[in-house]
Amino acid sequence: MDKAKKFFFLGYESSLMILIDLMDFIGGSFNLFYASFLALFRRPFYFKLLIEQCYILGVKSSSIVFITALSTGMVMSLQFGFGLERFGGKLYVPKVVGLSIMRELGPVLSCLMIAARVGAGIAAEIGSMNVTQQIDAIRALGTDPIKRLVIPRVLALLIMTPLLTVFADLVGIFGGMFISNAELFIHPDFYYHEAILSLKTSDFLVGILKTSFFGLVIALTGCYYGMNTQGGTQGVGQSTTKSVVTSSLLIVVSDFVMTKLFWIFERK
Amino acid sequence: MREKVEKKPLIEIRGIHKRFGNKIVHRGIDLDVYPGEVLALMGGSGCGKSVLLRMIVGLEKPDRGTIKFNGQHIETLSEDELVPIRKKIAYVFQYGALFDSFSVEENLAYPLREHTALNEHQIHNKVTTTLDKLGLRGSEKLYPSGLSGGMQRRVGVARSIIMNPEVILYDEPTTGLDPFNTQQILKIMLHLKQTGATSVLVTHDMHAIFSVTDRVAFLKDGQILALGTRDEIKNSPIREVSSFIHGESY
Chain U
1 MDKAKKFFFL GYESSLMILI DLMDFIGGSF NLFYASFLAL FRRPFYFKLL
51 IEQCYILGVK SSSIVFITAL STGMVMSLQF GFGLERFGGK LYVPKVVGLS
101 IMRELGPVLS CLMIAARVGA GIAAEIGSMN VTQQIDAIRA LGTDPIKRLV
151 IPRVLALLIM TPLLTVFADL VGIFGGMFIS NAELFIHPDF YYHEAILSLK
201 TSDFLVGILK TSFFGLVIAL TGCYYGMNTQ GGTQGVGQST TKSVVTSSLL
251 IVVSDFVMTK LFWIFERK
Chain S
1001 MREKVEKKPL IEIRGIHKRF GNKIVHRGID LDVYPGEVLA LMGGSGCGKS
1051 VLLRMIVGLE KPDRGTIKFN GQHIETLSED ELVPIRKKIA YVFQYGALFD
1101 SFSVEENLAY PLREHTALNE HQIHNKVTTT LDKLGLRGSE KLYPSGLSGG
1151 MQRRVGVARS IIMNPEVILY DEPTTGLDPF NTQQILKIML HLKQTGATSV
1201 LVTHDMHAIF SVTDRVAFLK DGQILALGTR DEIKNSPIRE VSSFIHGESY
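Residue numbers (our numbering), protein chains in the order written: chain U, 1 to 268; chain S, 1001 to 1250.
Do not rely on the hints blindly, as some may be mistaken.
Some, not all, of what chain S presents toward chain U, calculated at C-beta under 10 Å [unchecked claim]: (1) Ile1085; (2) Gln1094; (3) Gly1096; (4) Ser1101; (5) Tyr1110.
Some residues of chain U that are not near chain S, with every Cβ distance over 10 Å (derived) [unchecked claim]: (6) Lys6; (7) Ile20; (8) Asn31; (9) Leu70; (10) Val75; (11) His187; (12) Asp203; (13) Phe204; (14) Met227; (15) Val245; (16) Asp255; (17) Trp263; (18) Ile264.
I should point out that these hints are in silico values taken from the structure, not numbers from a laboratory.
On a predicted model such as this, the values are computed, not experimentally measured, just so you know.
Cβ atoms here follow ideal geometry from the backbone N, Cα and C, with glycine treated the same way.
Please put together the full structure from these sequences, using the hints given.
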């Protein structure tokens, strides 16, 4: 009985801690978003830092986005090819691959990879600066850490994630085309016609709108955990892990919510 | 001492209370810092010396009480409103807190680029002159990771004083340094004192306290237990103060 009670209270305590952490994160990240939004319109503006972050967070992520998108397109093509062949629907592969990459897999998988690479990087960099008092130094020297650290990263990801997603869409569809031709003997002209020309503008826009939100989530989560890092190198590690886990979960969950919302609007 | 008392204080601290969770750090601190003096804050670890120093520059807010700089309340100011104050009050961090992605030159140029209209040539000249003064010539292109602890502290001091502040706050500037580097830091502090800068120093280093300071405040249990000239504190009849100075338990 005692063991059962202990187990119950342990579970209760850890659930409570998770809930408190979650509330902390929601409140803190909203505050950070609000403070960043207000600071965005005040001088000075750090354009050089924005360009630098676009390069570090965006351009340098293009290789992992390329590999992810290419592999996804190829796998999708193979799986649908073998699956649909049983029902005589092999010729639908280009449409299915194009649509699923453009609306879903391109944006989500690219952003999950960006969250892993960039979200971790942001949390680790800002977290290290926090525990070594560099953020205090920024403030003590009369400058604003939100303007110098948060805004350039948020804006850079807002700009770069949609661009990377367009790149991922194209690479993914190309990967699908390559495998369809090599393994399923679907001619590239037919694939191109079916995959690209049958897509609507709304399919493209849905993906782009989603990634803008995912970019915001990745940047804010990384910055929030970085700015709230405590306890030396161990704290930096914990912030990095929390940042990647939280932003990945938020991407997956918000993807469902946004898909449902877009679906409602598009049906109207 | 009398001369100082007659002067108007540059920094006025009144009734400061501060707690972090269950830990009460300050229980009503009153303290004045006069122009041109070097005041040391002394006391055991965790007695709130550094927190008080951080409050003076607005890095920490008191729960209750007021802090005035040149008659202006600091505790009520927002981060934006604190900017002009922070140009006048420099903070020297315990381990330098240098930006590790910047070279020494970029670290020193940072406040100049942010707050002045100097061109790059003028900034370079000012950085070189400041590094010369602190015996750091030739380290311009080095990064903090390539500097010794003593050099990092001196670069930290250089970055703090490059804007010619009225007040310099030192947070344990000699802790963990070898005797040579400690002496170098003390020389810099004495030089700045001669130029008329006001300084507040947090330290456990008795040699530093008794060689560069004018007055000393001893903190215990969140309050100021003793305040006086360095000689008065050195010969204090208060048991806790004399025990602390002589490294005995109290």
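Exercise. Failing hints, ascending?
Worked result: none
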